[in-house]
Amino acid sequence: MQQLSVAVIDARHASKQRLGEQLFKSATLLAAVLVLLLLGGVAVALLSGAWPALAQFKLGFLTREVWNPVTEKFGALAAIYGTLVTSLVAMLVAIPVSFGIAIFLTELCPAWLKRPVGIAVELLAAVPSIIYGIWGLFVFAPLLQRHLQPWLIEHVGSLPLVGGLFRGPPFGIGVLTAGLVLAIMVLPFISSVMRDVFETVPDVLKESAYGLGATTWEVIWKVVLPHARVGVVGGVMLGLGRALGETMAVTFVIGNAHRISGSLLAPGTTISASIANEFNEATGDLYNSSLIALGVLLFLITFTVIAAARFMLLRLERRALSSV
Amino acid sequence: MSRALSRKLTNFGALTLSSLATLVGLACLGAILWTLLKNGVSGLSVQVFTQMTPPPGSAGGLLNAIYGSVLMTAIGIVIGTPIGVLAGTYLAEYGRHARLSDVIRFVNDVLLSAPSIIVGLFVYEIVVVRMGHFSAIAGAFALAVIAIPVTVRTTEDMLSLVPQGMKDASTALGAYPWRTITSVIYPAARSGIVTGLLLAVARVSGETAPLLFTVVSNQFWTTDLNAEMANLPVVIYTYAQSPYKEWQQLAWTGALLITVAILLLSIAARVLVSALQPSGRGR
Amino acid sequence: MRSGGIPAILLAAAILLAPAVPAADISGAGATFPYPIYSKWADAYKKQTGIGLNYQSIGSGAGIKQIKAKTVTFGASDMPLKPDELKASGLVQFPMIIGGVVPVVNIKGVGPGQLTLDGATIASIYLGEITTWNDPRIKKLNPKLALPSTAIAPVYRAEGSGTNFLFTDYLSKQSAKFKDTIGAAASVQWPVGVGAKGNEGEANQTTQTDGAIGYVEYAYAKQNKMAYALMINKAGKAVAPSAESFQAAAGNGDWAHAEGYYLILTDQPGAASWPLTGASFILLYSTPPDVVASNAALKFFGWAYANGGKMASDLDYVPLPSSLVALVQKTWKTEIKSR
Chain H
25 MQQLSVAVID ARHASKQRLG EQLFKSATLL AAVLVLLLLG GVAVALLSGA
75 WPALAQFKLG FLTREVWNPV TEKFGALAAI YGTLVTSLVA MLVAIPVSFG
125 IAIFLTELCP AWLKRPVGIA VELLAAVPSI IYGIWGLFVF APLLQRHLQP
175 WLIEHVGSLP LVGGLFRGPP FGIGVLTAGL VLAIMVLPFI SSVMRDVFET
225 VPDVLKESAY GLGATTWEVI WKVVLPHARV GVVGGVMLGL GRALGETMAV
275 TFVIGNAHRI SGSLLAPGTT ISASIANEFN EATGDLYNSS LIALGVLLFL
325 ITFTVIAAAR FMLLRLERRA LSSV
Chain F
106 MSRALSRKLT NFGALTLSSL ATLVGLACLG AILWTLLKNG VSGLSVQVFT
156 QMTPPPGSAG GLLNAIYGSV LMTAIGIVIG TPIGVLAGTY LAEYGRHARL
206 SDVIRFVNDV LLSAPSIIVG LFVYEIVVVR MGHFSAIAGA FALAVIAIPV
256 TVRTTEDMLS LVPQGMKDAS TALGAYPWRT ITSVIYPAAR SGIVTGLLLA
306 VARVSGETAP LLFTVVSNQF WTTDLNAEMA NLPVVIYTYA QSPYKEWQQL
356 AWTGALLITV AILLLSIAAR VLVSALQPSG RGR
Chain S
9 MRSGGIPAIL LAAAILLAPA VPAADISGAG ATFPYPIYSK WADAYKKQTG
59 IGLNYQSIGS GAGIKQIKAK TVTFGASDMP LKPDELKASG LVQFPMIIGG
109 VVPVVNIKGV GPGQLTLDGA TIASIYLGEI TTWNDPRIKK LNPKLALPST
159 AIAPVYRAEG SGTNFLFTDY LSKQSAKFKD TIGAAASVQW PVGVGAKGNE
209 GEANQTTQTD GAIGYVEYAY AKQNKMAYAL MINKAGKAVA PSAESFQAAA
259 GNGDWAHAEG YYLILTDQPG AASWPLTGAS FILLYSTPPD VVASNAALKF
309 FGWAYANGGK MASDLDYVPL PSSLVALVQK TWKTEIKSR
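Chains H, F and S are the protein sequences, given in the same order. Numbering of the first sequence is given in this note's numbering, commencing with residue 25 and proceeding in unit increments. Numbering of the second sequence is given in this note's numbering, commencing with residue 106 and proceeding in unit increments. Numbering of the third sequence is given in this note's numbering, commencing with residue 9 and proceeding in unit increments.
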């Protein structure tokens with residue numbers, strides 16, 4: 025009889041377990057699908073808000089520089105240009121600097137210093153973006169206006185090819201300043217990923233190279249970096265994604281001009297800065313809709329960057345596996 | 106120049122540059138923190154924590170803004186964390202090798218890197234426009250949307266760190282996967298999941314753009330979720346651009362408060378991670 | 009088990025606390041220009057009567073959207089709505105407070121009140137036609153001032169704002185070319201110059217850039233002791249920005265004949281009038297969906313008209329002249345349903 029009751033208990037227990045399994049499994053699947061739905065929802069909501077503008081301007085929205093709320097003619101070209109240029113400047117500055125920091129932390133830094141310096145660099149990522157904006161406007165921009173920009177205008181502005189990039193009055197704020205602030209913002213992301221990846225390189229590989237008489241730099245450039253290629257690309261893409269979408273830091277220092285200028289010292293605008301600056305005061309359905317259309321464009325740009333990064337990583341991984 | 110010498114010089118040059126780069130990075134951090142401290146500390150007083158945001162020309166504090174930020178962050182995390190943890194569990198356990206998981210991971214990466222202003226616009230369109238007005242619940246919802254991808258990622262990473270042996274032992278004892286997950290894996294990855302939570306909190310605490318379009322702010326004290334509520338980022342945003350000295354001072358002090366809170370959270374998360382990190386990840 | 013405990017307690021506490029604190033009775037949203045004075049009045053009113061006023065300075069555009077959607081009791085806009093738009097939405101509009109926009113410059117050797125400009129000249133500067141400070145057109149207005157050959161760096165407001173609207177409206181009245189090329193709105197496309205964020209940002213940018221010209225609210229110029237310019241008004245006189253010159257412009261405005269109080273105070277006649285004056289407006293429903301709330305709002309505005317003058321002047325705003333207040337209160341009686 026005892027055995028019978030145990031069997032009954034077991035059977036009930038088992039069916040409760042099965043039910044629990046079904047519920048839990050469905051819950052996790054539901055949550056996972058919700059993530060998909062979230063993206064879909066964002067896309068749909070933005071597209072429906074942007075529709076009036078897109079229907080009105082069609083492809084011209086992408087190719088026209090005009091942004092006139094009075095005549096209600098809107099084109100995203102200046103914003104797209106600004107977004108791409110500021111991110112490019114940010115990457116050009118941040119990648120070498122992050123690389124340098126990663127090298128320092130993995131190869132040069134004495135062990136007792138590694139932890140604090142590492143934490144300090146990553147604390148840059150913890151500073152909220154609005155702080156970057158305020159700091160950029162009240163401290164960094166005046167600094168650039170008084171020292172860096174006049175120097176650039178005088179010495180680089182007159183050079184043949186590169187000179188065109190550094191012309192115009194020293195406003196302090198502008199595309200270059202925004203790019204530099206972005207560079208400081210994405211620095212911790214790229215450098216921490218690079219550093220993590222550098223540390224996964226097996227010591228054996230490095231020691232063999234040292235054993236053959238390579239200098240530290242040669243080991244890094246010829247052994248560590250190729251091995252860590254995949255992660256480095258991932259880190260760079262992460263930083264790029266961040267730079268493209270950054271709003272608050274850029275809004276304060278970009279100078280909000282819907283114009284395309286050849287000079288980096290000129291003011292410009294980015295997609296997120298335009299939305300942040302103009303959304304609340306925008307009157308008129310077409311104006312509102314054009315701002316949301318800018319949002320759609322930004323979304324597409326970040327989407328493309330991430331997809332490209334994924335694709336590149338896949339190819340690099342495959343190549344790395346096949347070459348081993 | 107002999108080859109040996111040029112190689113030595115290149116090495117020296119490269120290493121010096123990388124040290125300089127680190128100094129630059131540290132200098133920037135120092136500059137920002139210094140500015141924050143210099144401008145924010147002078148406004149620190151008990152008043153900041155006990156009085157409401159003042160009208161211009163009067164002294165006051167940030168109590169309603171602090172409360173609003175804490176409340177909306179809390180609600181956002183309460184909404185977002187369970188979803189993120191469950192989704193991360195799916196990716197790490199049930200659907201580890203499924204095709205769907207690859208798609209979900211990609212989509213999660215997109216959401217993770219999505220500019221927060223897009224999230225703000227999204228919540229504006231589906232919540233604010235529908236409700237007809239701004240509200241704290243819309244703001245909390247926007248924060249939840251930002252927190253979910255962070256939590257999914259960290260949960261998946263942390264759960265996959267749990268040794269396969271533990272999972273196998275549990276299965277061998279006859280446990281269904283859900284029992285294994287809830288009784289074995291979650292406790293084992295507990296500190297990792299808490300780390301994810303801290304990172305999510307740190308991430309959403311500093312966000313301004315999404316709150317700007319969903320909850321805006323409020324001059325007075327309110328606990329009504331259905332109305333606008335004060336919050337630190339938007340108050341800082343508004344006050345920093347104003348001409349009133351008291352407001353500007355509060356903006357810097359508020360900025361200092363947020364930064365310190367987020368720094369502490371990030372350090373706590375980091376400490377937790379290195380405490381739990383086994384030797385398996387090549388570190 | 010999972011760390012949802014503390015937030016859950018907070019949430020429960022919030023829900024429990026909610027009925028204990030009375031919610032603000034009067035809700036309004038809109039213009040950023042009068043936000044400081046509205047919040048000051050609200051604070052004083054609450055101290056006196058216990059009734060709260062929750063004003064969201066989300067921008068005139070957003071404020072108009074909110075009142076049209078009937079989600080707030082009143083809307084506030086720096087730009088008045090046209091009479092037909094008022095009729096179509098059933099709204100009543102009236103001015104609440106007056107302020108001025110002041111052009112400021114940063115030229116070596118030029119102090120506050122030393123430079124004189126007029127609308128046509130400023131329009132040409134912002135169109136990019138006048139590029140240096142020693143241009144003959146500026147010299148003509150300032151025969152006794154030594155002007156350097158520094159390049160002019162025009163600064164404008166980056167985000168949409170009522171200040172922009174006032175400035176561009178005045179320049180459009182003074183220069184047909186400005187009107188055609190740029191136009192008058194809260195947000196326009198500027199052909200030259202750099203945009204700075206907020207009054208503070210614009211003030212900063214102007215004081216830091218040599219040769220800059222910008223335009224800021226009077227409060228800013230005064231509090232930061234900026235080098236403001238005198239303006240030649242409609243009567244041909246050079247006036248300085250001050251509470252008196254703003255009041256003169258407001259007083260000279262033909263409010264009695266302005267349907268729906270649609271009157272933009274830029275370029276008003278009168279020897280002492282400041283040309284860049286503007287009023288900020290309130291929008292209420294003629295047949296309010298919530299009569300109690302509407303009456304409470306009107307009571308607040310009446311209180312502000314009667315008691316808020318000193319507070320306004322302290323913050324460098326200008327209260328409405330009493331003749332205008334009388335007109336407005338008559339409009340309330342005739343056009344806004346109170347039961």
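Don't read these hints as lab results, they were simulated from the structure. Using N, Cα and C, we set each Cβ at its ideal position, and we do this for glycine too. Mixed in with the good hints there might be a few duds.
Claimed, not checked - Per the computed footprint, the stretches of chain H lying under chain S, defined by three or more beta-carbons under 8 Å from a beta-carbon of chain S, are:
| id | region |
| --- | --- |
| 1 | 89-96 |
| 2 | 189-201 |
| 3 | 279-286 |
Said to hold, decoys possible - So, partial list: chain F residues that the calculated Cβ filter (under 8 Å) puts toward chain H:
| id | residue |
| --- | --- |
| 4 | L191 |
| 5 | S221 |
| 6 | A277 |
| 7 | G311 |
| 8 | Y349 |
| 9 | K350 |
| 10 | I372 |
| 11 | V378 |
Unmet hints by their number, sorted upward, for this structure
6, 8, 9, 11
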